[in-house]
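Engineer: In the order they appear, the protein sequences are chains A and B.
Numbering-wise, the first sequence is residues 161 to 502 according to the working numbering.
Numbering-wise, the second sequence is residues 67 to 340 according to the working numbering.
Everything labelled a hint here was simulated from the structure, so no lab data went into it.
C-beta: ideal position from N, C-alpha, C; glycine also.
Keep in mind that the hints are not guaranteed to be accurate.
Unchecked claim - Here chain A is said to cover these stretches of chain B; the calculated rule only asks that three of the stretch's residues, wherever they fall, bring their Cβ under 8 angstroms from a Cβ of chain A:
id, segment
1, 134-148
2, 159-165
3, 169-179
4, 184-194
5, 296-306
Take a look at the letters that make up each chain.
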Amino acid sequence: MAQSTTGEETRVREVGVLRRWLTRPELAAVAGAILVFAFFAVVAGDSGFLTGGGTATYLEVAAQLGIVAVPVSMLMIAGEFDLSVGSMVGAAGMIIAIAVSQYGWPLWAAVLLSFLVALGVGFFNGYVVIKTGLPSFIVTLGMLFALRGLTIGFARLLTARTQIGLGDAGSGSLLTSIFAGSIGVFSASIIWWLVLALLGTWVLQRMVFGNWIFGVGGDAIAARNVGVPVNRVKIALFMCTALSAALLAAIQVLDAGSADVLRGELVELQAIAAAVIGGVLLTGGYGSVIGALFGALIFGMVQQGIFFTGVSTDWFQVFVGVMLLVAVLFNNIIRKRASEAR
Amino acid sequence: MTNDTPLLEARGISKYFGHVVALEDISMDVRPGEVMCLLGDNGAGKSTLIKTFSGVHQPTEGTLLIDGEEVLLNSPRDAIDRGIATVYQDLAMIPLSGISRNFFLGREPTKGVGPFKRFDVAKADQVTREELKKIGIELRDTSQPVSTLSGGERQSVAIARAVHFGAKVLILDEPTSALGVKQAAIVLRYIAHAKEQGLGIIFISHNVYHAYPIGDRFTVLERGRSIGTFEKDEISIEELERQMAGGAELEELNAELQGSRPSGSEGSANGKSD
């Protein structure tokens, strides 16, 4: 009798593990990344996609998007959007460049200023969303235009230019190696990306704050009723997305040695796409950072992979669009199974 | 089983939203080991009243007493900290989140210190499993989404959560109205269990047939006012239903529907009585 019970429990556990695997939110993104990799390995394997250098280029593209996609996916799990991250990248980059080249600030102070401004913008976004009750889609869409306009306006006002070089302020400094250095052929941004993704996963899966994020996104009223500080969670996440945009700006400015008011355009939508491919539910309450990491990886592989195939990179966006649609359909099936299966 | 000091008492509670009178001079109480039923039709003010008990709303007039002590509940957190737990109709659960994560949402156990302080998932899983076993729900996997549970099980989990976190008063908002007979039985059995443990239970319903078997006393609300409070042994289920529907009105409706046999003056007399 006891034996048969044990046997049954073992069987249940095995089924449980398999079921858990097949109902993970990031399943589609992981499978998609493997498929995309296999595709380009076959089609463009001879022309450099598989070399260290080829790997480094697509990882860097993925990393630059992924750095923003990690906090964006967490904000989306909490049920909100941030469409202003792209404009924040442009604004933060210009703050660094103007402070250094126009006002002679030391680089570290300029970077610190851009981070503080980003935190302020993030706080403002969150505060307005909470105080007005407007959808964050609208609030941050407003910020997308306003921030870009402010960046262009102030850049012209202060420097009469829309592109500003850093001169030699960045060369050889420690900050440059931290943000834009490289280990072999791999750029520092890849490390930032992976560290942020690990950190984000830790927060979501193992920290109390992570449980609150799921609660806030799943049902904000229910979460508030059991004592979760909903407003604080949301504002903190808006500050994280804006800060990640400033981090990306610092990486780009120090890597390129210059800033441009138009930097970061469409990053907000690409980050949302990466998150959604990664299994984040558009209405919140469900998803994972690992999924967003793989979503960004798919972006990088497709963008650079097409380059390696020799086909015009104009076709990149077609591929991304189709990929997005297929991934979302697949994710819907997984989620349905997860919420119904017993 | 009951003692003299009510766990929760409302004295002359009124709540106005602008010009709208949601509650007018409501007094009621609940004692340990008692199921107090709050009855009323839609729009009678049941929801507003329990939101006042649970700290969502603050009364415009009147006072709340917990253990005989006057209190001001500024937030749901305040109410929870004082042992007033509310299980809402929509359950306050996150459907796509795991059962143990839901169980501990807002009250997560932690381990470690400083930056390494973290959600103790293993402990959460273990406690959830034990608590649910007590109420007869055997889980294969505590991380499975709440949406995989049946309605009755979800309701029981929500109640078990409140009890686990030291609730003295349980406010249950329509706990059985969305459930089938079997599922409702699971919940009612669990409410009886909580009552035996000495909790005070406020059971909100618009359905007398769900409330009567489990209730000890009944307070009937109508359009924001209290029609009266009745002990179970002084009122029959039919009479209670008549009170809820406005007594005489129901009599008239009955007569109309039957086409003849106008009811005697007995019904309207009862309707006016307290």
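Engineer: Confirm or reject the coverage of the segment 184-194 of chain B by chain A under the rule of 3 or more residues with a beta carbon closer than 8 angstroms to the chain's beta carbons.
Structural biologist: holds (count 3)
Engineer: Taking a Cβ-Cβ distance under 8 angstroms as contact, does the segment 296-306 of chain B have three or more residues in contact with chain A?
Structural biologist: Three-residue rule not met by the segment 296-306 of chain B, so violated; n is 0.
Engineer: Do three or more residues from the segment 159-165 of chain B put their C-beta atoms closer than 8 angstroms to C-beta atoms of chain A?
Structural biologist: holds (count 5)
Engineer: Counting residues of the segment 134-148 of chain B that have a beta-carbon nearer than 8 angstroms to any beta-carbon of chain A, does the count reach 3?
Structural biologist: holds (count 3)
Engineer: Per the coverage rule (Cβ-Cβ under 8 angstroms, at least three residues), is the segment 169-179 of chain B covered by chain A?
Structural biologist: holds (count 6)
In terms of the numbered hints stated before, the structure departs from hint 5 and from no other.
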